[in-house]
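Chemist: Protein chains in written order, with the working numbering: chain B, 132 to 191; chain P, 13 to 198; chain Z, 9 to 770.
Heads up, a few of these hints could be off.
[To be verified] In silico DSBU-like links for lysine-lysine, alpha-carbon gap of 35 Å or less:
| no. | chain 1 | residue 1 | chain 2 | residue 2 |
| --- | --- | --- | --- | --- |
| 1 | P | Lys43 | Z | Lys275 |
| 2 | Z | Lys79 | B | Lys143 |
| 3 | B | Lys143 | Z | Lys412 |
Please keep in mind that the hints were generated in silico from the structure rather than gathered at the bench.
Spelled out, the chains give:
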Amino acid sequence: MIDASRVDDLLKTLVERFPGLAGELEQVAVAIDGQIFHHARYQSLRPDSDVHLLPPVAGG
Amino acid sequence: MSVSLRMYLSNHAIGSFFDRLRTSGTEVMSKIHIETTINGEPTEFLCEPHESLLTALRNAVGLTGTKEGCTTGDCGACSVILNGRLVPACLVLAPEAQGATLTTIEGIADGERLHPLQQKFLEHAALQCGICTPGFIVAAKALLDANPNPSEEETRYWLAGNLCRCTGYDKIIRAVMDVAAAGSTK
Amino acid sequence: MTDFAYIGTRPIRHDGVDKVTGRAAYGADFSLPGMLHGAILRSPHAHARIVSIDTSAAEAMPGVKAVITGKDIPPNSAKLVLGGEAALDLHDMGDNLLAHDKALYNGHAIAAVAATTVDDAREAAELIRVEYEVLTPVTGIDQAIAPGAPRLHQAFANNIAHRMELKRGDAESAFKDADVVVEREFRTPMVHQGYIEPHACVARIGQDGRAIVWCSTQGPFVVRDACAAILGMDAALIKVIASEIGGGFGGKIVVYLEPLAILLSKKTNRPVKMVMSRDEVFRATGPTSGTKIRARFGAKRDGTLVAASVSLWYEAGAYRGSPAGAGAMCCLTPYRIPNFFIEAHDVVVNKPKVAAYRAPGSPMAMFATESVVDDIARQLDIDPIELRLKNAVSEGDQAPYGPKYGPIGLKQVLDAAKNHPHYQAPLAANQGRGVACGFWFNAGMNSSATITLNPDGSAAVFTGNPDIGGTRVAQALMVAEELGIPVERVRPHVADTDSAGHTDVTGGSRVCYATGNAVIQAARDVRDQLRARAAKIWKTDVDRVGWEAGRAVSLDGADGSAGRDSKTLTVSDLAAQMPHTGGPIVGRAAVSMPMAGPGFAAHICDLEVDPETGRSTVVRYTAIQDVGKAVHPSYVEGQMQGGASQGIGWALNEEYVFNADGVMENAGFLDYRMPVASDLPMIDTVIVEVANPLHPYGVRGVGEVPIVPPLATVANAMRGATGVRFTELPLSPPRVLQGLTEWRQSTFQAAGPTTQAALTRS
Numbered sequence: 132m133i134d135a136s137r138v139d140d141l142l143k144t145l146v147e148r149f150p151g152l153a154g155e156l157e158q159v160a161v162a163i164d165g166q167i168f169h170h171a172r173y174q175s176l177r178p179d180s181d182v183h184l185l186p187p188v189a190g191g
Numbered sequence: 013m014s015v016s017l018r019m020y021l022s023n024h025a026i027g028s029f030f031d032r033l034r035t036s037g038t039e040v041m042s043k044i045h046i047e048t049t050i051n052g053e054p055t056e057f058l059c060e061p062h063e064s065l066l067t068a069l070r071n072a073v074g075l076t077g078t079k080e081g082c083t084t085g086d087c088g089a090c091s092v093i094l095n096g097r098l099v100p101a102c103l104v105l106a107p108e109a110q111g112a113t114l115t116t117i118e119g120i121a122d123g124e125r126l127h128p129l130q131q132k133f134l135e136h137a138a139l140q141c142g143i144c145t146p147g148f149i150v151a152a153k154a155l156l157d158a159n160p161n162p163s164e165e166e167t168r169y170w171l172a173g174n175l176c177r178c179t180g181y182d183k184i185i186r187a188v189m190d191v192a193a194a195g196s197t198k
Numbered sequence: 009m010t011d012f013a014y015i016g017t018r019p020i021r022h023d024g025v026d027k028v029t030g031r032a033a034y035g036a037d038f039s040l041p042g043m044l045h046g047a048i049l050r051s052p053h054a055h056a057r058i059v060s061i062d063t064s065a066a067e068a069m070p071g072v073k074a075v076i077t078g079k080d081i082p083p084n085s086a087k088l089v090l091g092g093e094a095a096l097d098l099h100d101m102g103d104n105l106l107a108h109d110k111a112l113y114n115g116h117a118i119a120a121v122a123a124t125t126v127d128d129a130r131e132a133a134e135l136i137r138v139e140y141e142v143l144t145p146v147t148g149i150d151q152a153i154a155p156g157a158p159r160l161h162q163a164f165a166n167n168i169a170h171r172m173e174l175k176r177g178d179a180e181s182a183f184k185d186a187d188v189v190v191e192r193e194f195r196t197p198m199v200h201q202g203y204i205e206p207h208a209c210v211a212r213i214g215q216d217g218r219a220i221v222w223c224s225t226q227g228p229f230v231v232r233d234a235c236a237a238i239l240g241m242d243a244a245l246i247k248v249i250a251s252e253i254g255g256g257f258g259g260k261i262v263v264y265l266e267p268l269a270i271l272l273s274k275k276t277n278r279p280v281k282m283v284m285s286r287d288e289v290f291r292a293t294g295p296t297s298g299t300k301i302r303a304r305f306g307a308k309r310d311g312t313l314v315a316a317s318v319s320l321w322y323e324a325g326a327y328r329g330s331p332a333g334a335g336a337m338c339c340l341t342p343y344r345i346p347n348f349f350i351e352a353h354d355v356v357v358n359k360p361k362v363a364a365y366r367a368p369g370s371p372m373a374m375f376a377t378e379s380v381v382d383d384i385a386r387q388l389d390i391d392p393i394e395l396r397l398k399n400a401v402s403e404g405d406q407a408p409y410g411p412k413y414g415p416i417g418l419k420q421v422l423d424a425a426k427n428h429p430h431y432q433a434p435l436a437a438n439q440g441r442g443v444a445c446g447f448w449f450n451a452g453m454n455s456s457a458t459i460t461l462n463p464d465g466s467a468a469v470f471t472g473n474p475d476i477g478g479t480r481v482a483q484a485l486m487v488a489e490e491l492g493i494p495v496e497r498v499r500p501h502v503a504d505t506d507s508a509g510h511t512d513v514t515g516g517s518r519v520c521y522a523t524g525n526a527v528i529q530a531a532r533d534v535r536d537q538l539r540a541r542a543a544k545i546w547k548t549d550v551d552r553v554g555w556e557a558g559r560a561v562s563l564d565g566a567d568g569s570a571g572r573d574s575k576t577l578t579v580s581d582l583a584a585q586m587p588h589t590g591g592p593i594v595g596r597a598a599v600s601m602p603m604a605g606p607g608f609a610a611h612i613c614d615l616e617v618d619p620e621t622g623r624s625t626v627v628r629y630t631a632i633q634d635v636g637k638a639v640h641p642s643y644v645e646g647q648m649q650g651g652a653s654q655g656i657g658w659a660l661n662e663e664y665v666f667n668a669d670g671v672m673e674n675a676g677f678l679d680y681r682m683p684v685a686s687d688l689p690m691i692d693t694v695i696v697e698v699a700n701p702l703h704p705y706g707v708r709g710v711g712e713v714p715i716v717p718p719l720a721t722v723a724n725a726m727r728g729a730t731g732v733r734f735t736e737l738p739l740s741p742p743r744v745l746q747g748l749t750e751w752r753q754s755t756f757q758a759a760g761p762t763t764q765a766a767l768t769r770s
């Protein structure tokens, strides 16, 4: 379980627990309750937010 | 396309070209003075002997509407009408323009009035990025000059020398056939 | 908003007359006085160590003003965020611009020359003496990942730069419960975006260190930031002016020329123009990955999909970074599958570094999965659209990449396909019909917009997004809709990087959605200011002023609403009074949008195959797609038709042909065979609109999805026409003929002696 009210706190906690993730999480898109953000650093999170981390994909 | 190149090297042009080389008295690589008619206007320009008509039009004459897509005669973006014939300017030597009559995209409109092809291309949204559009309009004009009522198949095969990567050709063909159906071409 | 006055109409685009008269200025159409011309010397070898470079002969040539090599690019190991796929490593980008230690592909830039004419520059480049130690090239995935393969980069064992896994449930167990399992291995070639306009730029740097770059690009801010980062310059000193762009499709997001032109301009104190030849575009820009993909699906007899396993290997080219991850994320998106395993590998090979190409990664992956789904349908004798409908995702289902789908239109698209007259039309001999789905995310990200109001009530709208396919007229429609002024009275502009607020690239199907939303919000800002001006004139509060159809309406009726005799002021009235009511009105907005909500499509193709020559003809094609909301339907249809054509070319004829030395043999439009007008029929389009709740009008984005379905659609049609499942693209005549011959031979060999005798007699 991870307690975080903001995406940057969440990522920081993840890297603390899994240091090997540091490189991958530098460039990550974050889905919060179905909406996928490229620039997610300060997006707030609710206790019941459904969060997924994705490779950042934009297109061509 | 290489076969067409041979067709465009007329005896007259080659003859005068070599005359000038012999009589210029300077290095072979000096520029040649060309007199031609472009879009109804008498026009003069200087060009290298080996330069393409495409490069001469875009640089020496300053008509940048004719585009360079490949320089091998495969994309049609450089389509112009030379002495009544549709040609890829990238495969014509600039000296070939000596004494010739040229129509480029800049000469298609009639003063303030767009040519019906230009108007229909706009109405049908027959362009997206627009880079191929000058070549298509010149090529389509040559088609309708030769065949005022082409079938869809004839239109597609005539325009097969013009590449478009954006539209899939659907709206382009519709625009050209719409002009043909209206029967009003110049 | 459901009743639109302008959205959904088809006005003539504002830049249209310039484009049909040849006046529109593209990258190569721009010149400056005193300009020099740049040319690049490129590696003839696919893989070689650069032992030495001697530029002295080039520098001594009359007309040559400067020569640069890799050592002129400062070493850099930082990452640069381009706002898209995995951050571009600056070190890789700098090395790609001009090689340092190794030439990693045929065409890799080694040196650049600035001279007074193009011919002199090219001639001088040939005088540069490069000593190479030729190395064994890695020319394909199988060779690259085999044990003992030559390594392009020390860091990547087996040339695998990255691996990603996506899983759900337990696929291997679930396969055991399936009634039918189909597994196939697919191959797709490296292909190019094929934009007709080669890359071109002019750069000028002054004695004050300020640079201006005119260039054809999908992302002027990317050009600015990339040049600044690579050259170690302050981005504030670089202004980028985007020309009209002659196609991009993702291939004009990365920079290939601009930093070199700036460097040459700095060395010569003159403007420098650089234009690529078509040969260079093929060899030395960013095509998309060739791939190897294994796909396995398991289903119950009633058509329920129970398991899927997909393994993807994508060529990254000379440096890491292919869209394998995106392919992994896309390939199972249309279906509710409780158990799956997907692995994606990024493989470096001695080919040009791949760049984005319209829905990067998705077409190849969905070629594989949609072909297998088709075979599942055949084995179960279920209609291929019915099978897809049975398993189709809808709102609330979980996407393979994690989050739940919001409102999506897959079922509506499949229903429209099923009910389309094309699907019921009879087929002639040697014809087959194929159906397949496609998906793309549709990007959001950051955009800005500014709107200025003129005293006559007309408006101008500025964004930093180059217009590749009609986005300016779409923006004008949005401003017209919001302000209630005629669309002809709105002038849309693409502004340079000093004049426009930051905007992310034109690409990712995002301009109409994200930048469009910025335009709409900026227009609403103008509207709010206009209401405030009306309030001032009417001596009331702004909340007593409403807005209806292009006019401010007084709400000072007895019940607080606009009555029949309410006072009104039009945009023109208010604009004329701007100097007295508070000064000029400028509207602005900046947005940071999440992804739009995915787009789904289904295409139907009737293909006729000549069994004697292997030649295929597309006799009928229909593209059906959920676009959310079509702002200008003609240009939405155009995106669907254009994307379908690129996909058809990818399926039938396009491929990079490399020889054993890793040198491309067909670097021109004659032999890199893209569809021409005589190859295609009219392409029918059906626009489905399932509103995207993240956008005021429901816009979802349209540009990329259309290239995804055609690969499998055509291959499925080929299966129908010939009875043969082809798994390797392109389905060019020699390959089809060989496949048909092999099928006939194996069918013959598998037949009993009586049948064989009968076949031999006939």
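Chemist: List, from low to high, the hint numbers that the structure doesn't satisfy.
Modeler: 2
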